[in-house]
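*Asks:* Let the hints inform the model, and build the full structure from the sequences given.
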Amino acid sequence: MIKRILLQAFAIVAICALPGKLTAQNGKLILKFVHLANEKKIIRNDSVYSTPNGEPYTISKLRYYVSEIGSGKPSRNIFLVDAFGPDSIEMKLPAGHYQQLSFLLGVDSLLNCSGAQDGALDPLKDMFWTWNSGYVMFKLEGKSDSSHADLNRIEQHIGGYKGENKTMRRITLNLPEKLVIDQKKTHTVVIEVDLDKYWNKASISANPVIVIPGTLAKRAADNFPLMFRVKSIL
Amino acid sequence: MTLVVALMAALLGAAKDDGFGPYKPTPLKLSIPKGWPKPNSDIFAKNKLTEEGFELGRKLFYDGNLSKDGATSCGSCHQQFAAFSTYDHDLSHGINNTFTDRNAPSLVNLAWMTSYHWDGGINHIEVQPLSPITAHNEMGETLENIIAKLNADSSYSRYFKAAFGDKAITSQRILKALAQFTGSLISSNSRYDQWKNGTLKFTPVEESGYALYKANCSSCHREPLFTDNSFHNNGLPLNRFGDAGRQRITGLSSDSLKFKVPSLRNVQYSVPYMHDGRFNDLDKVITHYTSGINYLQPTLDSILQKPIVFTERQKLELIYFLYTLTDTSFTKNKRFAPAQPITIKH
Chain A
1 MIKRILLQAF AIVAICALPG KLTAQNGKLI LKFVHLANEK KIIRNDSVYS TPNGEPYTIS
61 KLRYYVSEIG SGKPSRNIFL VDAFGPDSIE MKLPAGHYQQ LSFLLGVDSL LNCSGAQDGA
121 LDPLKDMFWT WNSGYVMFKL EGKSDSSHAD LNRIEQHIGG YKGENKTMRR ITLNLPEKLV
181 IDQKKTHTVV IEVDLDKYWN KASISANPVI VIPGTLAKRA ADNFPLMFRV KSIL
Chain B
1 MTLVVALMAA LLGAAKDDGF GPYKPTPLKL SIPKGWPKPN SDIFAKNKLT EEGFELGRKL
61 FYDGNLSKDG ATSCGSCHQQ FAAFSTYDHD LSHGINNTFT DRNAPSLVNL AWMTSYHWDG
121 GINHIEVQPL SPITAHNEMG ETLENIIAKL NADSSYSRYF KAAFGDKAIT SQRILKALAQ
181 FTGSLISSNS RYDQWKNGTL KFTPVEESGY ALYKANCSSC HREPLFTDNS FHNNGLPLNR
241 FGDAGRQRIT GLSSDSLKFK VPSLRNVQYS VPYMHDGRFN DLDKVITHYT SGINYLQPTL
301 DSILQKPIVF TERQKLELIY FLYTLTDTSF TKNKRFAPAQ PITIKH
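Those protein sequence lines, which keep their order, are chains A and B. Its first residue numbered 1, the first sequence is counted upward by one per residue in this note's numbering. Its first residue numbered 1, the second sequence is counted upward by one per residue in this note's numbering.
None of these hints come from the bench; they were simulated from the model. Mixed in with the good hints, there may be bad ones.
To be verified - Derived DSBU-like pairs (lysine-lysine); straight-line CA-CA distance at most 35 Å:
| # | chain 1 | residue 1 | chain 2 | residue 2 |
| --- | --- | --- | --- | --- |
| 1 | B | K214 | B | K149 |
| 2 | A | K61 | B | K149 |
| 3 | A | K143 | A | K166 |
| 4 | B | K332 | B | K46 |
| 5 | A | K125 | B | K29 |
| 6 | A | K162 | A | K218 |
| 7 | B | K161 | A | K92 |
| 8 | A | K32 | A | K162 |
| 9 | B | K332 | A | K28 |
| 10 | B | K46 | A | K92 |
Claimed, not checked - Negatives, chain A to chain B, calculated, CB over 12 Å:
| # | residue |
| --- | --- |
| 11 | K40 |
| 12 | K41 |
| 13 | S60 |
| 14 | F79 |
| 15 | E90 |
| 16 | Q99 |
| 17 | A116 |
| 18 | T130 |
| 19 | L173 |
| 20 | Q183 |
| 21 | T188 |
| 22 | D196 |
| 23 | S203 |
| 24 | T215 |
Ideal placement from N, C-alpha and C gives every residue a C-beta, glycine not left out.
*Replies:* The structure is reproduced here in structure tokens:
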């Protein structure tokens, strides 16, 4: 009890002493990602989807990094979105009227080579390559009868942060209406993520497994900007 | 105002006390040997080197609980008496009677390195342990299990609190502490170093060997670290694992069969040699450079295009020089040994 009073007292002192630290110019925003394949919300393992190429597949895992969220003002907030786990992320953004929403799909180069990280970047999240340092920016796993890999696996671990093999992509989305960020209301932007666009012209039978940086990963990453669209603002 | 803040901070500090006393880590300074370049600035930039961090790193380095079988520690394959390589083993032993795919490199002067592993696939000292810890033919463990095991071992709370300010055990703290230990493994007191510092004289044979080294080996095994951290194809035939080295990391065919230049420091103890430990003595290594190189390989290093010629006597002179790089004050330094005797599990 005494401890709590002291902590509260300290908090008041801190606010008095540092008025500039708590800004009034930030508002909260929630991004909710809805993952679709063949225009249906994806279901883990059980449902069979079809690539635009006509190859059947199921999905067991879909995770990716979203960072530097904002419109022209990148922040250091980094989130790991999990289609079968936390698919909503909450952040603070500078107050204002937003016409567009922009974020990086992936993790900035520097954070790929700066040693052990924590939070969303903790190697515990199973998104860091142990033998060829760097983050998997986007991970899609499942099975397909078209896959010649062991157990008909699909493993699309798209990563690479250096030079030509960079796989992070900036996504800029037009908003259907003006988004007002302020302290009065926390809006939720619902973003649809279309896996049909991820596959685009790619063939599962040709490349069921992509687990190293390089041309294939880069080509897959080029589809990232096609996958995202804003459905609504709540 | 200042007084109020100080008072509140003190009270807050007291409120946080968990019975292990206040957090007061002892800063450590990485001592840079005379005449050496500055270490890689990235190493301890965001990982403040402290006595407590080093001690936690040492405890973790020698703890078998970092592996699936509870008995295979970092120190199992990186033995101090072998300059932190695996003595007399071409490949090391992982859990469940497995073999590694490459020779365990000596852990020495890592703070001067720009990448790690024979193929340079690791870009920072802190993330290196992830590879041996998780590899099925090395330690075969997961970070989740390690954190659970360390949380169950009451001896660790004190170490984590002392090193990082509270008892929380995270992967980041484990990796940073390990980096504090391994990054501090500096070998700079060999006969060669003492000769450079003018505190002893080389024998005539060692002097001749040094001249041979300067003329034939020093462009890659550059003084004073005896590596230039670069990657080269030194003309070894592809091994039975089809190990293409650097190409696996860059995907470039121009990097086929290139491997990182290993330091020659303590080379007497880091036997056997090459990325797969194929040569079990220095004579075989030198013979490779005089008559074993495969000249048909397109990525063979340009420096090695012309055979090196040594007489039998010159080979010996070179080996005698290489022995001057042995640093027993490093291989016997108690600070780098386990803090407590290791219990052998039967």
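*Asks:* Are the hints correct? Go through all of them and say.
*Replies:* We went through each hint and held it up to the structure:
{"no.": "1", "hint": "B:K214 with B:K149", "result": "50 Å, violated"}
{"no.": "2", "hint": "A:K61 with B:K149", "result": "27 Å, holds"}
{"no.": "3", "hint": "A:K143 with A:K166", "result": "26 Å, holds"}
{"no.": "4", "hint": "B:K332 with B:K46", "result": "30 Å, holds"}
{"no.": "5", "hint": "A:K125 with B:K29", "result": "33 Å, holds"}
{"no.": "6", "hint": "A:K162 with A:K218", "result": "11 Å, holds"}
{"no.": "7", "hint": "B:K161 with A:K92", "result": "32 Å, holds"}
{"no.": "8", "hint": "A:K32 with A:K162", "result": "30 Å, holds"}
{"no.": "9", "hint": "B:K332 with A:K28", "result": "58 Å, violated"}
{"no.": "10", "hint": "B:K46 with A:K92", "result": "26 Å, holds"}
{"no.": "11", "hint": "K40", "result": "33 Å, holds"}
{"no.": "12", "hint": "K41", "result": "30 Å, holds"}
{"no.": "13", "hint": "S60", "result": "19 Å, holds"}
{"no.": "14", "hint": "F79", "result": "18 Å, holds"}
{"no.": "15", "hint": "E90", "result": "22 Å, holds"}
{"no.": "16", "hint": "Q99", "result": "37 Å, holds"}
{"no.": "17", "hint": "A116", "result": "4 Å, violated"}
{"no.": "18", "hint": "T130", "result": "4 Å, violated"}
{"no.": "19", "hint": "L173", "result": "32 Å, holds"}
{"no.": "20", "hint": "Q183", "result": "27 Å, holds"}
{"no.": "21", "hint": "T188", "result": "31 Å, holds"}
{"no.": "22", "hint": "D196", "result": "28 Å, holds"}
{"no.": "23", "hint": "S203", "result": "20 Å, holds"}
{"no.": "24", "hint": "T215", "result": "8 Å, violated"}
In summary, the numbered hints that this structure violates are 1, 9, 17, 18, 24.
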